[in-house]
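Q: As a plain string of letters, each chain reads:
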Amino acid sequence: MVKKVAMVFLVCLAICGWAIQPALAEYTVGAIFSVTGGASFLGDPEKKTAEMVVEKINKAGGINGQQVKLIVYDDESDATKCNLLAKKLITQDKAVAVIGPSVSGLSLAVVPVFEKEQTPLISCAASYKIVHDEKTGKPYPWIFKTPQSDSLAVEAIYTQMQKMGISKIAIISVTEAFGASGREELLRLAPTYKIEIVADEKYGPKDTDMMAQLTKIKGFAPQAIINWSVGPSQVTVVRNWRDLGMEKITFFQSHGFGSRKNIELAAGAAEGVFCPLGACNIAELLPADHPQKQVTMEYMNDYKAKYNEPLSSFGGHAWDAMNLLADALKAVGPDKAKIRAYLETKKGFVGQHGVFNFSADDHNGLTKEAFQMVVVKGKDWALAN
Amino acid sequence: METFPFLNQLLQFLVTGLTVGAIYAMVAIGFNIIYNVTEIINLAQGEFVMLGGLVMVSVHTSLGLPLLLAFPVTVLVVTLVGVLLDRLAIRPIRKPSVMTLIIATVAASIIIKGLAMIIWGKSPYDLPAFSGRTPIDIGGVIIQPQYLWVIGFLVAVAVGLTLFFNRTILGKAMGACADNPDAARLVGINVRHMVLLSFALSAAIGAVAGLTLTPIALMDYDRGAMLAIKGFGAAILGGLGSFPGAILGGLILGLIESLSAGMLASGYKDAYALIILLAVLFIRPSGILGNLEVTRFKRF
Chain V
1 MVKKVAMVFL VCLAICGWAI QPALAEYTVG AIFSVTGGAS FLGDPEKKTA
51 EMVVEKINKA GGINGQQVKL IVYDDESDAT KCNLLAKKLI TQDKAVAVIG
101 PSVSGLSLAV VPVFEKEQTP LISCAASYKI VHDEKTGKPY PWIFKTPQSD
151 SLAVEAIYTQ MQKMGISKIA IISVTEAFGA SGREELLRLA PTYKIEIVAD
201 EKYGPKDTDM MAQLTKIKGF APQAIINWSV GPSQVTVVRN WRDLGMEKIT
251 FFQSHGFGSR KNIELAAGAA EGVFCPLGAC NIAELLPADH PQKQVTMEYM
301 NDYKAKYNEP LSSFGGHAWD AMNLLADALK AVGPDKAKIR AYLETKKGFV
351 GQHGVFNFSA DDHNGLTKEA FQMVVVKGKD WALAN
Chain X
1 METFPFLNQL LQFLVTGLTV GAIYAMVAIG FNIIYNVTEI INLAQGEFVM
51 LGGLVMVSVH TSLGLPLLLA FPVTVLVVTL VGVLLDRLAI RPIRKPSVMT
101 LIIATVAASI IIKGLAMIIW GKSPYDLPAF SGRTPIDIGG VIIQPQYLWV
151 IGFLVAVAVG LTLFFNRTIL GKAMGACADN PDAARLVGIN VRHMVLLSFA
201 LSAAIGAVAG LTLTPIALMD YDRGAMLAIK GFGAAILGGL GSFPGAILGG
251 LILGLIESLS AGMLASGYKD AYALIILLAV LFIRPSGILG NLEVTRFKRF
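From first to last, the protein sequence lines stand for chains V and X. Per this note's numbering, the first sequence starts with residue 1, numbered consecutively. Per this note's numbering, the second sequence starts with residue 1, numbered consecutively.
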């Protein structure tokens, strides 16, 4: 009998000890990125960046003496997997907050999960709808995001066009969430900036050629073309533009063009292409007194040293998300509601993609000034103005 | 701003459509070669195209072999992958039914894609165009020199295969397997070797399609599936098993896509292509050049 009681007692002790221990040791932070699949060019640098940031925090002694444990999952660019992984992070891994997903479509898919579980999510995807509840007209309480909304990129492009005296344009976009959302904003904001859209063309994400669409656009003789896509297709479309001898029609790319790799892949065709970019793409070009000069240079040097590959602007979104979360953990500890409240009132956070000023009405915290308009000159970016 | 006459636009659509169509046609031919000998649809066909592009990138750009040498090396490497596919995935299956074999090719395509992702990473790669990137301007219609290469290779493949199947013993033996494997076995043809050969041949043609496409559209590890779907569509449209049908089907598919993107709503170009495909199958279930009598004897 005594033996039995002792056994039960021991088992209980073991279970309790096992259950209590991880809660004491560290802060658990979750991340979901599209590390593989169609959006891997987003998820891959994001994962690397988040890991790099956490490693740096832990090396410096952690947050408030606690080590940060980052659990990264790969959603393989698949909405169903993304949803399951979000639930797993919240319920099984007990993450206090989650960063990601990488893509607008997937972020929108998990918004209800985080709202229901009352866990903060800092998305790394572009769409304005992620932080805008159409029913209430306000942001979803638990959802934040670091990338500039596509509406800001559109405003930055249209502002530049007004400066250049362009008023008659054609748009061409890819038929997936990023392109569709950008296209909507382009159409919505055009009247405000007195811009006339004469052609509205589309292509598929895996298309090998956009000659037909561009030929049609050429027939309308617009002053400029705006392309809204990410991945290999945005390089093909620039090449086709060059091949068709359409240099007189100024080419604008979305902020998705933010990688030097794209200039290289365009094999000379990208010369003269305009594009709105976050500061971290052009850290070296920024004047020394620019508020983001220091953080962007530091990130660029760290990333190049660790991974020996050029920086992609998408990693910067993960940098912003992870550091925002680290600030929150430092200030209020691992309490979901307090983290949420802290993020909502965070002001003047100097990140890779702008200076963030969050409020109850704005869970993105950026303005169109978060974009610098750049133009491709001599196979590199140059400030346009 | 200069004007751009409608006729020029139309010609431009045709040029673009024929180029894209030529790629689809080459993929469709690859489907047909394996289908004719084994009656299976090799769903890893798109992966051969992807490998063709990426192996060429490694051999030509990274290792620095000249084009003339890199070309055969790439084709050989991909052919080897095709041979391995047959030896490792197709032949070991104990009781081969058409369905299990097709599923084996699906598995193989996922494995090849995964390995390509590990080897080359996820970013797209470019190749220098074979004869420069200066576009040729013929009366306002722009033709990239690479387009001519793509169409040229399609012609070369078509001529080569016609000679092979009509003039050589080996080709005729393969044709015999396609017509009746049991009878072919009776007259002493090693059907297994013919199956192996068919995989090798269609891998080689896939590789050619991939390495000519890459300078136009870049190549990344997950491009294969889409090309396989388009190529399969082309093969069905032209009539599964028919080589002239595959070429016709590919070119028609490319033209529909290009013309509908240019003249109708570009967002629905794939839908137009599918509608035409369905319409053709409705009127001629065996495809444009397919033969219904022959398909009756096939298991799939």
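Everything labelled a hint here was simulated from the structure, so no lab data went into it. It is possible that some hints are incorrect.
Taking CB as the label site, the calculated pair distances span [stated by the list, open to error]: (1) X:115 to V:307: 20 to 28 Å; (2) X:132 to V:134: 48 to 56 Å; (3) X:115 to V:272: 53 to 61 Å.
Which bits of chain V does chain X cover? Going by a derived footprint, with three or more residues having C-beta under 8 Å, they are [what the hints assert, rightly or not]: (4) 279 to 289; (5) 335 to 346.
All residues carry an ideal CB built from backbone N, CA and C; glycine is no exception.
Q: Which of the listed hints are broken here?
A: 3, 4, 5
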